[in-house]
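Chemist: Start from chain A and add chain B with the ligands according to the hints.
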Amino acid sequence: MTAVVRFARHHLLTAYALLALAYLLLPIAVVVLFSFNNPNGRFNYTWQGFTLKNWGDPFGVPGLWPALQTSLEIAALVALGATALGTLIALALVRYGFRGRGAANIFIFLPMATPEIVMGASLLSLFLAINFQTGFWTIVIAHITFDISYVVTTVRARLVGFDRHLEEAAMDLYANSWTTFWRVTLPLIAPGVLSALLLSFALSIDDFVITNFNSGTEVTFPLFVWGAARVGVPPQVNVVGSIIFFAAIGLMLLNVVRQRRPQRAAAPATATATVS
Amino acid sequence: MSATADVRLERVTKHFEDVVAVDDLSLEIPSGSFFAMLGPSGCGKTTTLRMIGGFEQPSEGRIFLGESDVTGLPPYRRAVNTVFQSYALFPHLSLFENVAFGLRRKGVKGDEVKKRTREMLELVGLGGFEKRRPRQLSGGQQQRVALARALVNRPRVLLLDEPLGALDLKLRRQMQLELKRIQNELKITFVHVTHDQEEAMSMADQIAIMNGGRIEQLGGPADLYEKPATAFVAGFLGASNLLDGEVCGADAVRIADGTVLRVAAGALAGRTGGSVAVGVRPEKLRLDASGVNVLRGTVTETSYVGVSTQYIVETPAADLVVYVQNAAPGAGTLAPGSAVSLSFDPEVAFVVDHV
Ligand SMILES: Nc1ncnc2c1ncn2[C@@H]1O[C@H](COP(=O)(O)OP(=O)(O)O)[C@@H](O)[C@H]1O
Ligand SMILES: [Mg+2]
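Protein chains in written order, with the numbering used here: chain A, 1 to 276; chain B, 1 to 355.
Isolated chain B, as found in the complex:
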């Protein structure tokens, strides 16, 4: 076990009657990191977060905060705080009393409560709003209060369950930056649950991609994008082209039309045979024959979207999506029906098990 893990889950399983919400999940969240749990709806993100917060107890397994085993402890005896998706601000209390709630429960002295509450409201840009009631605020402001109310307690870990889900797009982008800034400033471990891959990619140091109650892959945003370990991860994080084939060498895969594609040494991860898929991101395919792996096909669809032009190219092996940056003005687009060559180098490809 690493000494710097703030949260550690050890083989945690959670059943709701016959539904397995979280399935034998183990996880370490490094101290001070911005950690995201990303996955489709129903994959067990919220349940995992609620078990860390103490709102649900695992059916099996143990949960540690730092060195101490907190399995079975109620929420009020855990040094974590939560920002709820619905914010859950106390409607009968002023903003000040909302934010001061945790400090008062911990028996912090009056002056100290005042000072820390004011500071925290200042930090989230709501200085001077102390006397308002939650319902007198906009959604974005309520979100900030929820954040302040949790952070004022200086928790070891802050849990956020889709905290930006209820905000409109523009406000969401702004709050993403703000959350990142606050996390940098306070150096508190953030565990952020979201189903928005762009949000996770742009904010997190580490992302756990979840599916069916398990972690499919854990890594930094670039790792996950460049080297997805499974077809699910490849599909969930952006678009990708998958070419089904058979392993036919230490760094080679023969795809459906007989072409042998070279992949980077190690990409096969020790596989010596069997069905796999070679994946290439659309922006990594070039519309020429200059790469190591070359495929020939016909353009069937073209769409110009400003920064890039997106093509669908029909090849004997599969239909491939290609993004071409419009770097030079007037580069011109290929009309549907044009015959083209596509190529890519082994380093940009990844290999996943055939689905």
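Only chain A is shown next, with the shape it has when bound in the complex:
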């Protein structure tokens, strides 16, 4: 009896997991599928026939390539800026007891909790108030503002449980604070910093709402797609979307493989006293 229950429960769980996965992946599958569509009108909404011509010429739509390029440039700047600032903030929040640390901890979460539409609108009114021309740089600033929260959260997770004696040991061995940071602290929190870098890159590439408020005349990839959708979405949008999706999956798999390898090497190790 119990065996039957266990069997049912086990397989129900599997079925449930598969359904959930299908629910998650179906829209993406549609995007990929329709990148091979050969629509006869301007809209890529109904299946007409299979073709490779969209993949052969992904940037054949005027404006798509410059928009993508702008998005990539912004995302690169944002990822570097937000990761550098956020990592330092995380270090300060975990390491130093200073006046207002509690408040700083809360403020860091605010951008994540604030509705994007509110954040976008208030940033715009700020830029207007100080007479700052909206465009490329206001997008960068806006993206860094909300990405910092994610970076701080990611890096902080890595810093909690970091053995402070490691830094003391480095200083004991003649490394000054600067060398200690580069030789010991940073290498040890590197996985967290790398995750933060990728995450902020992805969040920036993807953002529409806040960008839409603060872009001026600049067109990013999401803004381009939005604009195109009103007059007809070319299948090339699906191609670029698919490329971005597969690139992200590829990076993720790479990260998993990279993190697996040292673990396997360490498998025969015995008790360890150090925290890694």
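The set of hints was computed from the structure by calculation and includes no laboratory data. The structure presented is a predicted model; accordingly, all values stated were derived computationally and were not measured. It is possible that some hints are incorrect.
[Stated by the list, open to error] Here are some of the chain A residues that sit facing chain B, going by a computed Cβ distance under 10 Å:
id, residue
1, LEU12
2, GLU168
3, ALA170
4, TYR174
5, ALA175
The beta-carbon is built from N, C-alpha and C at its ideal position, and this holds for glycine as well.
Modeler: Only chain B with the ligands this time, still in chain A's reference frame:
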């Protein structure tokens, strides 16, 4: 000030908010010695060591390494190295790079780094392990790497904070001998913090017994054991019997039951009156009346532990612990209830203030 002190603390105090971790402590550690700081948990040993290493700054007082005042200097500008209790090996570096870390920071040339690092790994018995990562080693091996990483820099002083605390008993004994051997070989001053009295006694030339942020007594292991200056030291280093009494002469103390005990001249250290306690170690009490000071009592407990038999004898003054060596086979043990005489000579007794 002695010219041969490697470390000198001058009236050092350390507060953490309202906790006084180290209280007006002065100390000189002779060059080349194996110096132990021994005391119960929380007595300020680690804080003292961290102030010598530069990880904490004293609230008051000054710290000297040799002739130079290092108070206020960061760790990387002090010629001392530390073996941390958690070892604190860099998990992302190989053993070689762990050990070479200090040399590289000091700008030692590549060939020299290679040579000295190899030599040092050899010295601690880890030759050939250069490429391993710390987590691929056992606790004992990690301990050796931590030692090598510190010693390769040829520090003036090596600081060790309970370095053997994480090892099992057998490995700990083995590492004690090894540490002693390495210290003999390199002649570097070792400052060893521990709460294990046996470890301190067997390794150190000099021991500072600490209590409540102060040094209770400083001396060689035998001095401290034979002539503890306070009841705390007597109790912390092994077992002892304390008989409360009043000073009643230049070398005499009258204890609770009226018996007058003779103590060595000088044991009273100039006291001419007041409450004191006369102390005798359990192995120095004899089960006969042949000594100068004799007490009579009844055996209440007997336990045979192989090398010796331990008795608890009830006397009018106090319950006393007695260890009798089982030198001759079949010496036989006294049953509880037996009436016995206990005696000891003045030279084996010590006197501490009444607690
Ligand atoms: N960083 C610190 N902050 C607050 N109190 C501390 C700190 N370090 C040590 N103490 C306190 O100082 C006292 C001495 O501690 P410590 O030097 O670690 O003792 P030991 O090493 O002899 O066990 C203890 O009461 C401890 O709680
Ligand atoms: Mg300690």
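Chemist: For each hint, tell me whether it holds in the structure or not.
Modeler: Here is what the structure says about each hint:
1. LEU12: Since the shortest Cβ distance to chain B is 40 Å, the answer is violated.
2. GLU168: holds, 5 Å
3. ALA170: Holds, about 7 Å.
4. TYR174: holds, 4 Å
5. ALA175: holds, 5 Å
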